[in-house]
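The primary structure of each chain is shown beneath.
4 protein chains.
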Amino acid sequence: MIEDIAVSYFENFKVKHPVDPILIEGLPGIGQVGKLVAEYMIHELNAEKIGEINSIYFSPQVILDENGTARLPRNDLYFYESGDRHILFLVGDFQSTSNEGHYILADQYVEIAAELHVKRIYTLGGFGVGHLVDLPRVIGAVNRPELREEIETAGVTFERDQQGSGIVGAAGLMLGFAAARGIDAICLMGETSGYLVDPMSATNVLAVLTQLVGVTVDPTQLNAKASEMEKAIEGLVEGERLQREEELTYIG
Amino acid sequence: MIEDIAVSYFENFKVKHPVDPILIEGLPGIGQVGKLVAEYMIHELNAEKIGEINSIYFSPQVILDENGTARLPRNDLYFYESGDRHILFLVGDFQSTSNEGHYILADQYVEIAAELHVKRIYTLGGFGVGHLVDLPRVIGAVNRPELREEIETAGVTFERDQQGSGIVGAAGLMLGFAAARGIDAICLMGETSGYLVDPMSATNVLAVLTQLVGVTVDPTQLNAKASEMEKAIEGLVEGERLQREEELTYIG
Amino acid sequence: MIEDIAVSYFENFKVKHPVDPILIEGLPGIGQVGKLVAEYMIHELNAEKIGEINSIYFSPQVILDENGTARLPRNDLYFYESGDRHILFLVGDFQSTSNEGHYILADQYVEIAAELHVKRIYTLGGFGVGHLVDLPRVIGAVNRPELREEIETAGVTFERDQQGSGIVGAAGLMLGFAAARGIDAICLMGETSGYLVDPMSATNVLAVLTQLVGVTVDPTQLNAKASEMEKAIEGLVEGERLQREEELTYIG
Amino acid sequence: MIEDIAVSYFENFKVKHPVDPILIEGLPGIGQVGKLVAEYMIHELNAEKIGEINSIYFSPQVILDENGTARLPRNDLYFYESGDRHILFLVGDFQSTSNEGHYILADQYVEIAAELHVKRIYTLGGFGVGHLVDLPRVIGAVNRPELREEIETAGVTFERDQQGSGIVGAAGLMLGFAAARGIDAICLMGETSGYLVDPMSATNVLAVLTQLVGVTVDPTQLNAKASEMEKAIEGLVEGERLQREEELTYIG
Chain G
1 MIEDIAVSYF
11 ENFKVKHPVD
21 PILIEGLPGI
31 GQVGKLVAEY
41 MIHELNAEKI
51 GEINSIYFSP
61 QVILDENGTA
71 RLPRNDLYFY
81 ESGDRHILFL
91 VGDFQSTSNE
101 GHYILADQYV
111 EIAAELHVKR
121 IYTLGGFGVG
131 HLVDLPRVIG
141 AVNRPELREE
151 IETAGVTFER
161 DQQGSGIVGA
171 AGLMLGFAAA
181 RGIDAICLMG
191 ETSGYLVDPM
201 SATNVLAVLT
211 QLVGVTVDPT
221 QLNAKASEME
231 KAIEGLVEGE
241 RLQREEELTY
251 IG
Chain X
1 MIEDIAVSYF
11 ENFKVKHPVD
21 PILIEGLPGI
31 GQVGKLVAEY
41 MIHELNAEKI
51 GEINSIYFSP
61 QVILDENGTA
71 RLPRNDLYFY
81 ESGDRHILFL
91 VGDFQSTSNE
101 GHYILADQYV
111 EIAAELHVKR
121 IYTLGGFGVG
131 HLVDLPRVIG
141 AVNRPELREE
151 IETAGVTFER
161 DQQGSGIVGA
171 AGLMLGFAAA
181 RGIDAICLMG
191 ETSGYLVDPM
201 SATNVLAVLT
211 QLVGVTVDPT
221 QLNAKASEME
231 KAIEGLVEGE
241 RLQREEELTY
251 IG
Chain L
1 MIEDIAVSYF
11 ENFKVKHPVD
21 PILIEGLPGI
31 GQVGKLVAEY
41 MIHELNAEKI
51 GEINSIYFSP
61 QVILDENGTA
71 RLPRNDLYFY
81 ESGDRHILFL
91 VGDFQSTSNE
101 GHYILADQYV
111 EIAAELHVKR
121 IYTLGGFGVG
131 HLVDLPRVIG
141 AVNRPELREE
151 IETAGVTFER
161 DQQGSGIVGA
171 AGLMLGFAAA
181 RGIDAICLMG
191 ETSGYLVDPM
201 SATNVLAVLT
211 QLVGVTVDPT
221 QLNAKASEME
231 KAIEGLVEGE
241 RLQREEELTY
251 IG
Chain D
1 MIEDIAVSYF
11 ENFKVKHPVD
21 PILIEGLPGI
31 GQVGKLVAEY
41 MIHELNAEKI
51 GEINSIYFSP
61 QVILDENGTA
71 RLPRNDLYFY
81 ESGDRHILFL
91 VGDFQSTSNE
101 GHYILADQYV
111 EIAAELHVKR
121 IYTLGGFGVG
131 HLVDLPRVIG
141 AVNRPELREE
151 IETAGVTFER
161 DQQGSGIVGA
171 AGLMLGFAAA
181 RGIDAICLMG
191 ETSGYLVDPM
201 SATNVLAVLT
211 QLVGVTVDPT
221 QLNAKASEME
231 KAIEGLVEGE
241 RLQREEELTY
251 IG
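Chains as they are written, first to last, in our numbering: chain G, 1 to 252; chain X, 1 to 252; chain L, 1 to 252; chain D, 1 to 252.
For the record, the hints were derived by calculation from the structure and aren't laboratory data. Every value quoted in this text rests on a predicted model; they were computed, and no experiment measured them. Treat the hints with care, as some may be off.
What the hints assert, rightly or not - Reference listing, derived: stretches of chain X covered by chain L, where coverage requires no fewer than 3 residues with Cβ under 8 angstroms from a Cβ of chain L:
id, region
1, 165-179
2, 197-206
As the list claims (entries may be wrong) - Cβ pair distances, simulated, as ranges:
id, chain 1, residue 1, chain 2, residue 2, range
3, X, 114, D, 16, 56 to 62 angstroms
4, G, 233, D, 165, 52 to 58 angstroms
5, G, 195, D, 97, 47 to 53 angstroms
6, L, 43, X, 236, 47 to 53 angstroms
7, X, 131, G, 195, 33 to 39 angstroms
8, D, 97, G, 10, 57 to 63 angstroms
9, L, 230, D, 97, 37 to 43 angstroms
We put the CB at the ideal spot given by N, CA and C, even for glycine.
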């Protein structure tokens with residue numbers, strides 16, 4: 001009988017000894033901002049994969065790689081170690097497809113964090129505003145008021161335009177479950193339209209996060225992706241402007 | 001492993017001894033009428049928070065306060081004591097997101113009531129009529145026919161325009177589960193359009209409820225909110241009237 | 001903790017000894033045909049209520065009677081006895097709101113039938129055809145080919161216009177679960193538009209069913225209801241005809 | 001109490017001894033391609049039914065045969081044996097109606113395969129492209145990169161137009177669960193519009209599959225069905241062309 005959630009650690013993890021690690025969560029979500037940041041850090045830091053999570057709450061499909069090899073949807077755990085800086089990453093293909101599954105998975109993620117003695121969690125996401133944003137800010141949320149000052153000093157704002165809105169899914173719920181277990185947790189959300197994968201927003205989140213965590217990550221490739229995207233969007237916007245002018249001329 | 005529903009009482013509740021308390025439920029619902037009334041009473045009576053309920057059936061998100069501090073969605077239990085008048089309140093962020101969850105939560109709420117020897121339950125809600133109501137009535141339902149007369153004497157009507165309609169969610173199901181446990185339960189519903197948060201409807205429910213329960217609650221602030229809302233709606237309606245006149249002039 | 005399904009028998013049932021009873025199921029469904037027939041028989045035969053079924057799979061609301069007294073949604077079991085003719089009835093407020101719940105409830109219904117040594121089950125329903133039907137037929141389905149001849153002799157047709165369509169919900173699934181337990185089961189479906197409660201269709205199902213079961217039920221009141229409905233529909237159709245003529249006159 | 005999934009083997013299977021069998025899955029899906037191929041093979045090879053699977057995750061209805069006899073929805077297991085060529089088939093009425101059910105059923109299917117010492121699984125399906133396809137290709141996916149070459153040699157392509165898309169349901173998930181149990185698994189998908197039952201696409205999948213499995217299946221009847229379908233579609237397309245011409249003439 002299949003388990004609702006199955007967590008498995010790799011052999012290589014047995015010789016690792018994370019000391020006071022932080023955990024960075026970057027699962028899929030608005031604008032894929034969190035996913036872009038966390039996967040980019042894993043790649044640039046050459047973090048090592050240490051475990052996998054399977055669940056019946058993920059979308060019921062297999063993922064195909066470029067060679068047509070299929071695998072079950074997963075969330076992955078990575079570990080990066082440099083001196084006394086220990087970082088765990090939680091990334092993956094999906095979040096839950098059901099409401100109850102969101103709770104059960106987020107609780108499991110934080111249970112993993114507790115087992116690995118994580119001292120702080122950063123959850124990453126996009127903050128959808130419904131329109132293109134020229135200078136996307138990084139918006140923060142914390143699970144303990146005392147954490148706010150440190151985060152603001154790193155350039156994060158706590159001014160949300162939409163009062164009282166919540167944070168849906170793992171990036172939000174992990175803050176709540178972490179509080180219940182006495183683990184500090186911070187959510188960093190890059191402003192984004194919500195319509196497109198948004199590397200521009202991700203670059204800002206990356207800058208803030210690496211500063212807060214105290215690691216150096218070369219942002220060149222993410223910046224390049226963001227520039228490409230920016231040009232593509234400018235092209236689209238310009239195209240639309242021209243078309244509208246034409247229409248006006250035609251009408252006029 | 002996370003529990004489907006977790007109920008926890010605060011330390012302060014250990015020294016409380018509710019005697020024949022009544023329970024007032026005001027969870028979110030149509031026009032937020034029940035929520036407005038119960039939370040207003042808690043505030044005005046300075047009731048003390050004594051416990052919390054978490055559940056995987058709530059919406060899968062965290063709630064942010066004005067400072068960006070996140071917390072899990074909750075239902076809250078409050079206690080108010082004045083002489084031999086003991087009142088418990090059940091309020092909170094959400095009801096269930098699933099059908100089955102509605103049953104499981106409502107059963108749990110009534111189990112709490114039974115454990116605390118509640119002798120009567122008042123559930124509060126809005127009664128959506130689909131149009132603005134000038135003089136919103138308070139409509140009642142009971143879980144034992146003998147309760148009706150007392151409620152009618154307090155100005156509650158049992159005349160519903162829509163025959164045979166039910167009461168969805170906790171405000172309704174708690175009546176059913178309370179009957180099965182021998183607890184009297186009364187639902188008070190303020191007529192409301194169903195489109196807007198409705199403090200006008202709430203003021204009427206508050207008046208009836210405080211009379212029935214025998215506590216004095218100064219309605220000034222709720223009335224003020226209702227007046228503001230009323231003016232805002234009058235403005236909208238007048239604006240629409242003027243626009244229609246203009247259109248008629250234009251056509252004519 | 002609430003049970004997913006709870007079956008309870010009344011005290012009065014302890015002195016009843018159903019011998020080879022048949023079970024007639026008439027839960028809500030297309031055109032409310034099955035519900036109309038079964039509840040009419042219960043009323044006319046003065047059958048006695050012997051038990052109740054509650055479930056978290058029903059719609060999460062309470063049902064209000066004409067006096068504003070609320071009760072949990074239920075399915076009800078009735079018993080009728082006349083000489084050696086023993087009949088059980090299964091009626092109620094709702095079927096399941098979820099797919100899985102349909103299976104779990106239908107299995108429970110047939111388990112009840114097995115416990116009470118039911119020798120044959122009749123499930124009742126409407127057969128939606130999407131348009132008004134002048135002379136609605138009664139369409140049959142069986143859970144054992146040998147049952148067909150007897151049913152056809154009673155005037156039931158097995159000619160469906162839509163090939164291969166199934167029967168959704170309890171009226172269908174009970175046939176399947178009954179077969180697995182060696183209980184004969186027959187579904188009788190009255191043709192109906194599917195848009196309206198249909199007492200006309202119900203009168204035909206009643207006629208066939210009472211003949212098959214061998215009880216006499218005075219159809220006067222159901223016929224009267226059907227006549228009323230027929231006139232109401234004729235009025236609607238005539239009104240529409242007149243309006244169309246008017247439009248044609250106007251255009252012409 | 002009903003089981004979520006119930007697997008039962010027939011008596012006749014006790015004397016069968018499948019040796020290194022392959023399992024061919026052809027459950028309903030896009031264009032019914034997999035179902036058409038697997039059921040056609042079962043028919044042509046005269047494979048023997050050896051077991052049945054029932055589940056609360058199937059659609060909650062009974063299936064009626066042409067005589068009005070109802071049965072519960074099922075998945076069926078068939079066995080074909082010719083010399084040392086042993087083949088199991090998994091076909092049926094439905095896949096899961098819920099996301100979680102897809103996982104639980106696919107895991108069960110592969111558990112059956114493991115119990116019967118299946119050495120290779122072929123899952124069949126349609127690959128929806130959203131438009132009519134003149135020469136539908138067979139697109140492959142594997143659960144181990146080493147399997148690809150053999151499949152390509154049989155004429156299967158791994159070139160998908162839509163990058164990164166997954167395979168939803170049993171045909172996909174079984175590849176993932178099989179990998180976890182060390183069983184080789186290959187998915188063969190016939191290109192199809194996705195709008196119609198597609199025997200044309202099925203003939204191509206059949207040709208590739210029989211070659212890979214090493215059995216001879218006379219494709220005459222499936223080809224005939226495909227030709228009929230092709231003519232019917234040509235008729236539709238031609239009819240639409242004529243209509244458009246007419247409209248142009250009319251406008252012109």
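Now the hints, each set against the structure:
no., hint, result
1, 165-179, "holds (count 11)"
2, 197-206, "violated (count 0)"
3, X/114 to D/16: 56 to 62 angstroms, "58 angstroms, holds"
4, G/233 to D/165: 52 to 58 angstroms, "24 angstroms, violated"
5, G/195 to D/97: 47 to 53 angstroms, "31 angstroms, violated"
6, L/43 to X/236: 47 to 53 angstroms, "50 angstroms, holds"
7, X/131 to G/195: 33 to 39 angstroms, "36 angstroms, holds"
8, D/97 to G/10: 57 to 63 angstroms, "36 angstroms, violated"
9, L/230 to D/97: 37 to 43 angstroms, "38 angstroms, holds"
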